[in-house]
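With chain G fixed as given, assemble chain A onto it according to the hints.
Chain by chain, the residues:
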Amino acid sequence: MAEGLIVRSLRDGSLPGEHAPALCLEDSLTPPLASHSHAVFRHLLTSLLSTGTGTAVVLVAFHRSPSFYLSLLSPTFHNSIRLLDCYSDPLAWKSNHHPPPSSHSPQNITLLTNLNHLPHFLSSILHLAKDFGAQGHDRVTVAIDSVTHMLRHAPLPSVLQLLTNLRCHEKISSLFWLIHTDLHEPKVISSFEYISTMIASLQPIVQLPDYANANISASITSLEENYSKAKFNVRLKRRNGRVKLLCEELLIEQGSVKFSSVPSVSSVVAQNLIPKVQFNIQLSDKERMDRANVVLPFEHQGNGQNIEIYDGRRSLSESQKDPSSIKIGGLSEQKRSNNNKSEKGEIHYIRDSDDEQPDSDEDPDDDLDI
Amino acid sequence: MAELCDLLAEAMGHSLPVGKVVLIGDCVETSGAFVLHLLLKRCLSLDSSFVVFVALSHPFSHYDRILRKMGCNLSAQKKNGNLHFLELLDFSARSKENSVDDGFCKLYNEIRKSVEAARSKDTKASCVYIMIDDISLLEIAADGSENDVLNFLHYCSTLTSETDCSLIILNHEDVYSSEDAPRLLAHLQHLSDIEIRAAPLNTGLAADVHGQLTVINKGLLNDDRRSGRRIWNFQFKVKENSVEFFYPGSQH
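Those sequence lines, one after another, are chains G and A.
No gaps in the numbering here: position 276 of the first sequence is 276 in our numbering, and each next residue is one more.
No gaps in the numbering here: position 221 of the second sequence is 221 in our numbering, and each next residue is one more.
There's no promise every hint is true.
With a Cα cut of at most 30 Å, we get these calculated DSS-like pairs of lysine-lysine [as the list claims (entries may be wrong)]:
| no. | chain 1 | residue 1 | chain 2 | residue 2 |
| --- | --- | --- | --- | --- |
| 1 | A | Lys69 | A | Lys41 |
| 2 | G | Lys258 | A | Lys218 |
| 3 | A | Lys113 | A | Lys239 |
| 4 | G | Lys229 | A | Lys237 |
| 5 | G | Lys258 | G | Lys237 |
| 6 | G | Lys231 | G | Lys258 |
| 7 | A | Lys239 | A | Lys41 |
| 8 | A | Lys218 | G | Lys231 |
| 9 | G | Lys237 | G | Lys130 |
Read the hints as simulated data drawn from the structure, not as lab findings.
So here's chain G without its partners, still in its complex pose:
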């Protein structure tokens, strides 16, 4: 469900006058979330291209070579994707020494060699988006793998401004990027979360201590489980300000990514709190009703009815006339509205004095000198 909402939001784009929706996909080195996040990134890419609604993608490739991404996609999608190659020669170390031939790159790959110059970087992305517009694609999504690489070459404010400019541009319908949380300070991660409309983070299924120093041999089974599964937490920000939280389970199987729902947290917690013993500590419905009908030995039952308390000064005759009052012998008795209760046991309480308030919290043994 979470994945479907994300893909739908990216596919639909924004309403007129609004910024484009943006997804921030987060991971960490906690093994092996980094490889999972790349798998999710590629899965979203494939899902967007296969929606068949004329969506085109401009992929900014830092982490892997453009040919790697193209090899993962069906050839039918190659016309719907343009790659900005920031992987092969971002700082012009190759081209300054050995300029590549002009026909070196395929048609849908554009080489970028001056990553340090962000305005040129932005214009390169927009140029590719405009190309799509000329070909009839009215929705262009920009995908960045990853902004962590961008932050090594440009300061945070410049990168944030670039992403905001992309969200504002009329040619860009949506945007999503990947970021490695353990390579940045928390304030950097928060900055990216603020400018995004959807935040998806991966967490391990089994929480382990710092695995580098822990007893690896004892935790291998848990580590292996983390390699095949992960928690996929999504936070969606609505236009009206409401936030929707979703938590699903991610399954990685031989190159494919699958999402499945998990039990609600409260039911899981409740199940964990009940101790597993041989005794039956649950109540049946009849037992619950009987418990609710028990008259407690207090002067009031908290049922809203008037409190009738024997104050010790009323005459016996008056007490006999009053059907809700005391019994013979000057003993106080709680009011019983239920006829059945006259057959049950009684608790008689004699007040020490008239000054004593009903249901007093004072300890009657306080005057003892022990």
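Positioned in the frame of chain G, the structure of chain A alone reads:
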């Protein structure tokens, strides 16, 4: 080959990696250099292989002596053109004429030319490996600029996809143990496809067991390894001319 049947070979997929980045991590208590020596010997043992060895830590004679005991003649391999040994004991990326960036750019291009030449020879090298010993000295050569080191490693890793060569790097992890945020180490872990960690035993020193090795083989998205296993942990004993790997309690 008999050597490729041991636990280390099993963890690496029963063959030497192709087109991957291998990170070897160690610490003061347990050196991981033996893994680098073992992989160097195995790489040179393949038919038509080529190795570029970037040595910042020890001179050629050091590796030659060690590999001779393991049955590999580095001098002969160098003479035959199977090994390009870059001895950079006094390497400093910054000079009077160059900035750090320029210095690493020159080093990268030297490596790249060597790899491309090996690929384009008449006897085309089928397996090319770039080995770096070690990253912490690269950082010193960069005057502490981890960004320049990462740029250099990024460019070296691009060779893994362009020319199908593998990058094997040794890193001393406890150099970063006092840092609040060991960013360079984290970047290297993100970059690597296979991590090999040498660590001491949890129980302390032992005469017959020299440490434990943890291998994390992350694999790629389209990896079709059937076992699905990613993590291995076993113990090792470094002998005079070989290394023995075994699970705890199963040493012969």
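Right, here's what the structure says about each hint:
1. Lys69(A) x Lys41(A): holds, 11 Å
2. Lys258(G) x Lys218(A): Given that 30 Å is the threshold and the Cα spacing comes to 19 Å, the pair holds.
3. Lys113(A) x Lys239(A): violated, 37 Å
4. Lys229(G) x Lys237(A): Between Lys229(G) and Lys237(A) the Cα gap is close to 34 Å, so the pair fails against 30 Å, i.e. violated.
5. Lys258(G) x Lys237(G): holds, 24 Å
6. Lys231(G) x Lys258(G): Judged against 30 Å, a Cα distance of about 12 Å means the pair holds.
7. Lys239(A) x Lys41(A): holds, 15 Å
8. Lys218(A) x Lys231(G): With a Cα-Cα distance of about 18 Å, the restraint between Lys218(A) and Lys231(G) holds, given a limit of 30 Å.
9. Lys237(G) x Lys130(G): Cα-Cα ~29 Å, so holds.
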